[in-house]
Amino acid sequence: MGKAGAFPDPADKKSQYSDMLGYLIKRLIQMLLVLWIVSLVVFLMMSFTGDPVFMIVPIDATDDQIQQARRILGLDQSLPVQYWIFISSLVQGDFGQSYVFRQPALALILERMPATVEMVLVAMVLAVVVAIPLGVYAGANPNGRLSRIIMAGSLLGISLPGFWVGMVLIYFFAVHLGIFPSSGRGETGEVFGVRTSLVTWNGWHHIILPAVTLSLATMAILLRMTRAGMMEVARQDYMKFARAKGATRQDVLYKHGLKNALIPVVTIFGLQLGDLIAFATITETIFSWPGMGKLLIDSIYRADRPVIVVYLMLVALIFVVINFLVDLVYTLIDPRITLK
Amino acid sequence: MTVQTQHALLAVRDLRTYFHTFSGTVKAVNGVSFDIGEGEIMGLVGESGGGKSVVGFSILGLIDSPGQIMGGQILLNGEDLVTAGEDRLRQIRGREISMVFQDPMTSLNPLHTVGQQMDEVLRLHSDLDAAARRKACVEMLESVGISRAADRLGAYPHQFSGGMRQRVVIAIAMLAKPRLIIADEPTTALDVTIQSQILKLMRQQIAARGASMILITHDLAVVSEMADHITVLYCGNVVERGRTRDLIETPAHPYTRGLIDSIPDPANRHPRLKQIPGTVPDIRNLPKGCNFRDRCPRAQALCAVEEPQLRPQNASQWAACHYPLQPGDLA
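One line per chain: the protein sequences are Y and B, in this order. Residues 8 to 347, numbered by my numbering, are exactly what the first sequence covers, in order. Residues 84 to 414, numbered by my numbering, are exactly what the second sequence covers, in order.
Calculated from the structure, these hints are not laboratory results. Note that beta-carbon positions come from the ideal geometry of N, C-alpha and C, so glycine has one too. Be aware that a few hints might be false.
For lysine-lysine, the following DSBU-like pairs were computed, each having C-alpha atoms within a straight-line distance of at most 30 Å [to be verified]:
hint, chain 1, residue 1, chain 2, residue 2
1, B, K260, Y, K262
2, B, K110, B, K371
3, Y, K266, Y, K33
4, B, K371, B, K357
5, B, K260, B, K283
6, B, K283, B, K218
7, Y, K262, B, K218
8, B, K357, B, K110
9, B, K218, Y, K266
10, Y, K266, B, K110
11, B, K218, B, K260
12, B, K357, B, K283
Far from chain Y, some chain B residues (derived; all Cβ distances over 10 Å) [unchecked claim]:
hint, residue
13, M153
14, G161
15, R178
16, E222
17, K283
18, R286
19, P347
20, K357
21, V388
22, S399
If we take Cβ atoms under 8 Å as the criterion, some of the chain B residues that face chain Y in the derived model are [to be verified]:
hint, residue
23, F105
24, L145
25, Q174
26, G177
27, S181
28, S190
29, H208
Between the sequences and the hints, there should be enough to build the whole structure, so can you do that?
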């Protein structure tokens, strides 16, 4: 955008916009490049992991039947030809059919996506709402007793495996106290054409336990990042200068401190967000949550190659998009960072 | 034992600020007293580690753990700031007493616009509405010599040069019309050519508002141009104080003399710059007697036994030395 060290000049506006456009085009090309490489890697990986035909045909199938199945699936072609067919139909919007369901693979995934995304969103909001204030507190009072308790708790959050936490939560809240359901997604309602359980009371009732399970590790990481950032920022002169102006401790911490400590927190937030959407598999399995992570596991068991490939492509796309958004957020936080 | 000014705006009495560290207690400020009258500029001088900045932060109540004010009084118009609560101190900070820091590159928040950082002071210390605050900020920026002030309220600190940033810092310090400015090495981090501009600006601003200033610096040359009085600190103690002219022309303490001699003098080119031999002793483990005796050319047996007290040398000058220099002495 503008030159660093110069004041914004109205005459610069035009060049700013063309800079911006150039940046967006560059990012788009980068994205496509990443996706293409991912498609190559995923496709090759899949080709080396056994023959899916045997997972599909009946156990007593004849050689003829196996050959026929292979032809129908296009697996009799050479690898480059298979890839060409795959990538050219991909570009035309055809993401292939599930071997198992005989339905378009993409539709299969997208159908389950809202369930995963809503659970992840609840988990991430929960993580941020808890982690940021506690992290700020622990960073501002590094030697306090409460800070030590918070840090010990965050260590547990990082080191306890999700499946174990999930089972403990189910045992305690579902089996023992009986206040939350142990599994499944609740009633859904439709918002903007998306079916989500976040609009029904019953849906929220079901989502709490899996979302808490999913959020703990992220919460712990974000908390520790926030604390480390705040401890670093606390030493800066502008913090003391703000206090010398007469600002309250709270204002100094949140208005002056937190924003400066936020860049690494946002980075980790983005990575965790992508990670949870893509691989909430374990939590979804424990809570029988009908999300896309569970579909991935099922597809791997059934060697449903097209679903796996599309799934991984979609995950790559999600990461690339989140990464781009994180870069945009950087520029909102720090005026010294520009999109170039 | 003090130079009594008729109406002392700020009176510091036997201030002691200690830092409790693992390797012992650092008595950074150990029994410092001085007065500043309305409209006066006082220079607080000494080497690095002499406790100058700690005095400044003590006055504002901004000593952080492991530091602690252990005793003494800081009287602002008779009100003791040492015993004042945090709420009262917040009213005083920025409003009655404000501070200018050493490094303008780090004392402004890089993520807030200059306008936001100025506005914060007025929101804290005035009842003005947004438009009036903005007007006040623009006027203040203009008065510290920043052109196109209205446009620049929206600019970020990284879009300013070091000298300009220090002007902004001074503008922020002046905004709520405080009666005392504590300037902690305000020009040390700046280009030499910018230094005199900033000093001139500060003197103008202070004079125009009838405010007082504590100018903390290691640079006697700067302070001799600016200050009405000078207080010299060594190892957390006042070793000499007096009217600027007397103290510069006829220093009584050998340490003050050493500081004056180490100012480069362009007119009188010494082959080598004079310097005070030795280094500041470990402040955690100060020797008995006079703290300066190991570096002092006049030290005698008594200096190792008894700590010298601040005593009047003449009508305006006090020094803590057993064998003070007399006018005419060549140490």
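Hint-by-hint comparison with the structure:
1. Only pairs whose Cα atoms come within 30 Å are accepted, and K260 (chain B) paired with K262 (chain Y) is accepted, the gap being roughly 24 Å.
2. Note on K110 (chain B) and K371 (chain B): the hinted pairing holds, with a Cα-Cα distance of about 14 Å set against a maximum of 30 Å.
3. For the given pair, K266 (chain Y) sits about 28 Å from K33 (chain Y) by alpha-carbon distance, which is consistent with the 30 Å threshold.
4. Restraint check for K371 (chain B) and K357 (chain B): the C-alpha separation of about 27 Å stays at or below 30 Å, so the hint holds.
5. Distance restraint check for K260 (chain B) and K283 (chain B): the Cα-Cα separation of roughly 18 Å lies within the 30 Å cut-off, and the hinted pair is therefore satisfied.
6. The hinted pair formed by K283 (chain B) and K218 (chain B) meets the criterion: a straight-line CA distance of about 25 Å does not exceed 30 Å.
7. Under the criterion of a C-alpha separation no larger than 30 Å, the hint pairing K262 (chain Y) with K218 (chain B) is consistent with the structure, at around 23 Å.
8. The straight-line distance between the Cα atoms of K357 (chain B) and K110 (chain B) is roughly 29 Å, inside the 30 Å bound, and the hint therefore holds.
9. Simply put, K218 (chain B) and K266 (chain Y) have alpha-carbon atoms about 27 Å apart, close enough for the 30 Å limit, and the pair holds.
10. For a cut-off of 30 Å, the pair hint linking K266 (chain Y) to K110 (chain B) is broken: about 35 Å separates their Cα positions.
11. This hinted pair checks out: K218 (chain B) and K260 (chain B) have alpha carbons roughly 15 Å apart, not beyond 30 Å.
12. Taking the CA atoms of K357 (chain B) and K283 (chain B), the gap is about 28 Å. The hint holds against a cut of 30 Å.
13. Every CB of chain Y lies more than 10 Å from the CB of M153 (chain B), the least distance being 20 Å, so the non-interface label holds.
14. Non-interface call for G161 (chain B) relative to chain Y: holds, since the shortest CB-CB distance, roughly 21 Å, exceeds 10 Å.
15. The beta carbon of R178 (chain B) sits about 6 Å from the closest Cβ of chain Y, which is not more than 10 Å, so the claim that it is off the interface is violated.
16. Against chain Y, the non-interface label of E222 (chain B) holds: every CB pair exceeds 10 Å, the least being about 18 Å.
17. For K283 (chain B), the condition that its CB be more than 10 Å from all CB atoms of chain Y holds, with the nearest at approximately 23 Å.
18. Every beta carbon of chain Y lies more than 10 Å from that of R286 (chain B), the smallest distance being close to 21 Å; the non-interface claim holds.
19. At the 10 Å boundary, the C-beta of P347 (chain B) stays outside the reach of chain Y, the nearest C-beta of that chain being 29 Å off.
20. Listed as a non-interface residue, K357 (chain B) keeps its Cβ farther than 10 Å from every Cβ of chain Y; the least gap is roughly 33 Å.
21. Every C-beta of chain Y lies more than 10 Å from that of V388 (chain B), the closest at about 41 Å, which supports listing it as non-interface.
22. Every beta carbon of chain Y lies more than 10 Å from that of S399 (chain B), the smallest distance being close to 32 Å; the non-interface claim holds.
23. A least Cβ separation of about 13 Å between F105 (chain B) and chain Y goes past the 8 Å threshold, and the interface hint is therefore violated.
24. The criterion of a C-beta within 8 Å of any C-beta in chain Y is met by L145 (chain B), whose closest approach is roughly 6 Å, and the hint holds.
25. At a threshold of 8 Å, the smallest CB-CB gap from Q174 (chain B) to chain Y is about 7 Å, leaving the interface hint in force.
26. Because the closest C-beta pair between G177 (chain B) and chain Y is about 4 Å apart, less than 8 Å, the hint holds.
27. Below 8 Å, beta-carbon pairs count as interface contacts, and S181 (chain B) has one with chain Y at about 7 Å; its hint therefore holds.
28. For S190 (chain B), the suggested interface contact is upheld, since its CB lies about 4 Å from the closest CB of chain Y, less than 8 Å.
29. Because the closest C-beta pair between H208 (chain B) and chain Y is about 6 Å apart, less than 8 Å, the hint holds.
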